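Undergrad: What follows is each chain in one-letter form.
There are 2 protein chains.
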Amino acid sequence: MKKKVDSWFGYMGQVLRVDLTHRKCRVEPLQKELVENFIGGRGFGAKILWDEIPAGIDPLSPENKLVISTGPLTGTKVQSASRWVAQFKSPLTGIYCRSVGGGYFGAELKFAGYDMVIVEGKAERPVYVWIDDDKVEFKNATKVWGMNTLAARDFLLEETEKGARAIIVGPAGENLVKVAAIVTDDSRTAARGGPGAVMGSKNLKAIVVKGSKKPVIYNEEALGEAVKEQIQAYRQWSHFKDFHELGTDHAVYLWYTFGHFPPYNFQQRELAGVERFRPEVLASYVVGHKGCYGCMVRCGKVFKVTKGPYAGIAWEFPELETHWSFGGILGNCNIESIIAANMLCDLYGLDTISTGVAIAFATELYEKGIIGKSETDGLELKWGDAEVMLEMVKRIALRMGNMGNLLAEGTKRAAEIIGRGAEKYAMHIKGLEMPAYDPRAMKGQGLGLATGTIGGSHAISWNKFEILGVPKKVDPFIVEGKAELAKYVQDEMAACETAVFCKLTVNHNMTNPNFYSKVLYSATGIEEFKDPKYLWLVGERIWNLERAFDVREGIERKHDTVPVRLLKEAMPRAPAKGQIFELDKLLKDYYRVRGWDERGSPTKKKLVELGLVEVAGELEKKALPT
Amino acid sequence: MKKKVDSWFGYMGQVLRVDLTHRKCRVEPLQKELVENFIGGRGFGAKILWDEIPAGIDPLSPENKLVISTGPLTGTKVQSASRWVAQFKSPLTGIYCRSVGGGYFGAELKFAGYDMVIVEGKAERPVYVWIDDDKVEFKNATKVWGMNTLAARDFLLEETEKGARAIIVGPAGENLVKVAAIVTDDSRTAARGGPGAVMGSKNLKAIVVKGSKKPVIYNEEALGEAVKEQIQAYRQWSHFKDFHELGTDHAVYLWYTFGHFPPYNFQQRELAGVERFRPEVLASYVVGHKGCYGCMVRCGKVFKVTKGPYAGIAWEFPELETHWSFGGILGNCNIESIIAANMLCDLYGLDTISTGVAIAFATELYEKGIIGKSETDGLELKWGDAEVMLEMVKRIALRMGNMGNLLAEGTKRAAEIIGRGAEKYAMHIKGLEMPAYDPRAMKGQGLGLATGTIGGSHAISWNKFEILGVPKKVDPFIVEGKAELAKYVQDEMAACETAVFCKLTVNHNMTNPNFYSKVLYSATGIEEFKDPKYLWLVGERIWNLERAFDVREGIERKHDTVPVRLLKEAMPRAPAKGQIFELDKLLKDYYRVRGWDERGSPTKKKLVELGLVEVAGELEKKALPT
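Chains as they are written, first to last, in my numbering: chain A, -15 to 610; chain B, -15 to 610.
In isolation and in its complexed conformation, chain A is listed as follows:
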């Protein structure tokens, strides 16, 4: 870890630090040590957050920072490696958060000459940052403040440059809605954990970027060869066609048959009308295919609505998760309304998962009689009522009425405010609303959710062993050995999200440290990166650093859990009928496998082994009671 990085092959070598309070920008050299130890993307952000965000700060205060990072392969010809990462202390969960976005923004940021942007402070008045290669300007955003993301985009690109790329917040972010997303010019989102609210709290409407540079590659020929192989492998990939034709949506119905896609706020009654989520039905809505920079998969599908009250909409797009969060979990099989809800979320700048889960929470409270019309501003919250669902999306984004304002705080906080046992129906983990996976149906996946460093995220702990049977098939109901698998997928994803590789390709084992090391070395020429083992180590290092951040914020064993319903109520439907989630056994194994203590803290030994000596020191000093 002490070797020199000889040149900035693969990287641009610059970090842009944006101080909103003083309206100053500073270009800092990219530190070799940071590169060697953390590679890029998610690794960079985890390190910056650990170093620069003291424990206990208010995530919506100027003290919070927003790190937007790219990786050494961003903007290169490597396929599926050009996403960008937003990292921040989450206003939704109060802990570490990483949220990844797609489209073309990441590549463009790199082309402008920056591997990373660190946004800090708070602007006095609404601003946006216009990065035009070396020229960086703070621009007045008063005009676009209040606009939805699409309207704002058109204004911003008009005011800067037509082909520029942007990340933008909508009214939800401005309104400090805790589940607010960042949305790109092409309607991709970094949504989880409330990054939109962080931008909103900083009076930052958008970052617009245009670049004319390219990363210099260490060994173009070797990289070219590897990419050729990658493309070849894509062509032989058994799921390539699925993703190419229907994106993540090819799996919606399959998920339901696995016992996921949990209907009725995880009550898991059979979902009437679930046939509408079959791939052939969903495919009938698709009229277009969109992708990210440098990715032949083009998994973004444009859905067209031609019937019912939402006719006229064409939007990219509800993903699997969104079909659930505005579909299954709400007992709603009206696809048209799900597309409409997805569109509203993108326009307002909302996380579709968290928004849908929050509405499901309120719907179950209403069903159970815990809340009534006086608390819902007259709305009758019913399973499968599409109009009410869309109305609630709007109310959350705009903080309209009692219930809109309440759910805008996120499910966990809303449950705390409501009291009366509402927490039982709040389907979150560490404050982050759960995704379309039921821990009872797949134990390794459940363990990943329970221990996720950002809370209940499928993305960072996706158990490909259980779900796809890759790299090898395992029984989803078995508890034994699942800690190892959870660690495996967590570390692997952490490593790959430094590239920044797309999680889909990691999930399907198209990207893994073996392949990654090859392209990474070809691009950067950094010796350590040649060794897949080193990438695994970096992955584990990142995961532990993220956990250390959380521990420093007060996270411990009791937070590594899932909603109580999943621990106590047996799964009512096949194939996981009768299953509960065996948290204690799984967690015990997990801490052992991770080398953490019984409170869930990384041990000094583990941290030192991972090269995180200072982290060990600080954790000892600050987080661990004597």
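Hints should not be assumed to be uniformly reliable.
Claimed, not checked - To give an idea of the chain B side of the interface with chain A (calculated C-beta under 8 Å), a few residues:
hint, residue
1, G105
2, K106
3, K127
4, G130
5, M131
6, N132
7, A135
8, K288
9, T290
10, P293
11, A295
12, G296
13, I297
14, A298
15, Y332
16, L382
What the hints contain is simulated information worked out from the structure, not anything from laboratory work. Quantities reported herein were computed from a predicted structural model and do not represent experimental measurements. Idealized CB from N, CA, C, for every residue including glycine.
Starting from the structure of chain A, add chain B where the hints point.
TA: Quick look at chain B alone, frame taken from chain A:
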């Protein structure tokens, strides 16, 4: 009129005839006689319609034609002269219709080499026409069929060329909604009379065009001089700032004080909350300024909504008429909702005037107890209920429910179907919903509306004498001499809309035959055009030809009227309190001044004097009973 046109200065010299039935396009030479007699734009279309659309055809049948035309000044440096005209037999009124749109489409069409496009027949399946200079293609529109205009635009420009320009129909046009508009890529519309339904009936989703040519100017220097003077005059124009800063909306409140902007479906009770329409309030919503090709006025305003349930919208824009049709006439002073309604109309492709007036009609029927909830699909139609208004816009566009489907037929037809005296509350003239003018408050303006060749249109008969006092001030309540004024403004507008000049500049006398002849001659070199008197003659010729078309379709004296309410109920509010509309006297004068007979038919003498000999022959033969 017999002189040769020596060259195609100012014109491109080509007409594109698009036969959708046989998927064939033919380029026809622009006829010199057509140019000499009808100049361009509205004149061209009036002549084509007269020649090619036999009486009695169904406007939604393949027999109808859609003429899209430009003028000799389109795409030149002359200011405010690049609009485009859509002409067709109206499915709403069953008579002649002309509808004018702005933006950049007209100039682009001309740059592609065409002065006019004549669309005929009906495509078997949804298509769009892609005009790329000389290359014209029929392209499959199955994908974009069903999409709102904005979504469709993005698809179409992706599939053709990014900088291309387009006219598009939305779901309303596809659904053959009789008040459906054509919408441009930049959200301008040719809206009146249902041109969107004509395109829909032809399975024509859009015309997309990209051009690289320019009209050759006869005398560049002279034209340059004239345009310099024009720009100078604009700068000194007392209303330039008004239009530049607030578009037509600077006049909204003023109109109300004139006795126009008739509230509550022309019941003309005082409008509670009308102060919200004051210019300074409206200006507070404006965040952007847009314009048409070659126009420094940039009267298009982008309105931003930052509060209430429609927050997040930024849209160009409700004009004066729309503030009325979704505002005053509905007793609605919620500006935010008017912006939202305007946006919905543009997305669905609806005429904002007709849509709002149709909803006002239904609202008054509901108020009077003529219809009830069983006929409104459960909706309670109330004055000033913004949510219900927006719901009705959607239902009309999508033909949802009984009332949506009924109003989609237009107010006149809906009243006929409802019966029970509903016609009394149907504020249309010859089937075209009325604009924000009350004939009782300005008699010349009323006469213009009553005699409009397309029905109740403010645009083609705008009485600048009464409203602005230009070219000279006259008392609006006086009946005497108003026939002459009505003829004056009608002929002048007809002449100027051949350029195609923007009506705003004609209304304000910034454009008139004196100025027009100067630039027209400089651009074309056609001797006749030098003489303003000739332009007046052409204007009168066009008006009479349009009237002849209507007469051939059965229009006669009894149709030259206004809703009975305006003839019998005295105006209840100042400044026109106590006034009624004195139709008989006005009409008698008008026919005399026009040289028409007592049935409202142009006489043979008049037609021959105007050079419309064949028209006289056909009218004698077909339309006039012996």
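Undergrad: Determine which of the earlier numbered hints do not hold for this structure and return their numbers in increasing order.
TA: 1 and 2
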